[in-house]
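**Q** With chain A's structure known, arrange chain B on it following the hints.
Protein chains in written order, with our numbering: chain A, 26 to 331; chain B, 26 to 331.
Any given hint might turn out to be false.
In this list, chains with the same sequence are indistinguishable; a pair is considered to hold if it fits within one copy or across any two.
[What the hints assert, rightly or not] Subject to a maximum C-alpha distance of 16 Å in a straight line, what follows is the list of computed EDC-like cross-link-like pairs (lysine to aspartate or glutamate): (1) K325 - D132; (2) K59 - E191; (3) K325 - E114; (4) K50 - D102; (5) K87 - E107; (6) K59 - E83.
Think of the hints as simulated: they come from the structure by calculation, not from any bench.
Now for the letters of each chain:
Number of protein chains: 2
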Amino acid sequence: MIVRGAPAIGVSAAYGMVLGAAEYKGDDVEGFIKHLEKVSELLKGTRPTAVNLFWAIERMLKVAYNNRQASVEDIKDLLLKEADRMAQEDVETNRRIGYFGQQLLQDGAVVLTHCNAGALATVGYGTALGVIRAAREVGKNISVYADETRPYLQGARLTAWELMEEGIPVTLITDSMAGYFMKKGIISAVIVGADRIAANGDVANKIGTYTLAVLAKENRVPFYVAAPLSTLDLSIESGDDIPIEERDEREVTHIGGVRIAPYGVKVANPAFDVTPNQYVTAIITDAGVVYPPYKQNLQKLVNKVD
Amino acid sequence: MIVRGAPAIGVSAAYGMVLGAAEYKGDDVEGFIKHLEKVSELLKGTRPTAVNLFWAIERMLKVAYNNRQASVEDIKDLLLKEADRMAQEDVETNRRIGYFGQQLLQDGAVVLTHCNAGALATVGYGTALGVIRAAREVGKNISVYADETRPYLQGARLTAWELMEEGIPVTLITDSMAGYFMKKGIISAVIVGADRIAANGDVANKIGTYTLAVLAKENRVPFYVAAPLSTLDLSIESGDDIPIEERDEREVTHIGGVRIAPYGVKVANPAFDVTPNQYVTAIITDAGVVYPPYKQNLQKLVNKVD
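This is chain A alone, in the form it adopts within the complex (with noise of 0.2 Å):
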């Protein structure tokens, strides 16, 4: 949990890898491989709902596959070029999200958005908050409420922090305000981002995400999802099948060190739930927007990338 937001932990299992290899000391191709298999494995299980982990560990050992004529100490160098291309490639695919996903914003908009799908959570610029900062360049004006997204605090400590940096105008509320203020008629759309979206549409973010995408069905507010095509898992039919990590119940009970619940209470943490693909009004990818169905159009969304 020191490296969070999906497309950051990817970059980050990228150069995990890197760190992994480094350790290996002969130069037997063959044994490298397994051992890199061996560390990959291990990366794996550190965060089991983020899907970008998976796809960026894939790729890496792509790269020690598609060179196994090479010597050790060049599949080593090729593994760090590697990463450093997944973490450039990251601002880019976030700029060209927030080229698509601005378009979706008019002036004036207030948009809401939940956990930190920012600067923070990427390499850089960010895939929800992307979208944010690229309505601003092109001179849209637009505000922005924060949910403080409980039990880890990220739209509290990270997303209002990130916002105030940049001096886009953010009020933080509590997860238990979002509805309030989208039945006054304040928000005009939420966007968030996602840590594994399944072939049919189904997105997979931090906790707290389904709720609000109910509050905006029912309140007539536009659903946004912004997230890299990496995040998308077509190996997965729907979001039933996406693991869901359960974490420490001290991020209930504690907040900042500070106790704030009875001694040998029962607490339940999972950290994300899916969201069903009915209430996603949009899904906003560095390969454009993509509208339900989503079964059909993220596939040939995909197709035409490939």
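**A** Positioned in the frame of chain A, the structure of chain B alone reads:
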């Protein structure tokens, strides 16, 4: 905010009137009544949303108005007796709410509740938690999911504690997790208290209640409001006319004295929201369970009681 929970606020206001009455040192009844009216204006300004405050104060004033022929000292005695009566009545009222409400819960039910509508929000027994207590007393096996209820954490600090003290199984979750557990089919019913109910059945209650109501409707989970008839305000037609208390931003930016948000961040902190009547499956009162259409059926109930 030292006293919280609508019924507890009502009874406290009654004793506030007793204390205010004691301050009057003369023996002029008309002067005494004018003094009481001033005290009542002061008390009315403390918490604008909870209607029980106004109800309790009006009931105390009526004692004075109806006894103009008595001495100031006698009226002071009558006021104390009236306050004592209200405190006693509160527990009886909650037991009646429990009696009617528990019939809506099946053995094995898992109830989600928000904020604290328990013994700690009333003189004793509780409204929403009174229904759970009553169901347990008739031998039903009931367990509870308690929202922590940001920003003031009444769920984590009070409800979880109150239920644990009584040996009722409780799982503490953040507000953002309620939708997750409803969608999973784990929650059989939502029961909340109320700070004010309009003539049409719109319910003002702790911020986040509206969100739960929308989630409950979407997931076909019954949504019950448990509240004494004194919470009913037939003088206002709909929830749009209920004033919403905006509270100190420190409740959002700090938890247990620890700052959790950037310095200077803009914050919104509405303490209550209004749940429109179409989301409310039933209102559980001390005079019986009321179903839609609320405008007619609430009026009918009040006519029957009066």
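**Q** If you test the structure against every hint from before, which numbers come out violated?
**A** Per hint list: 1, 2, 3 violated.
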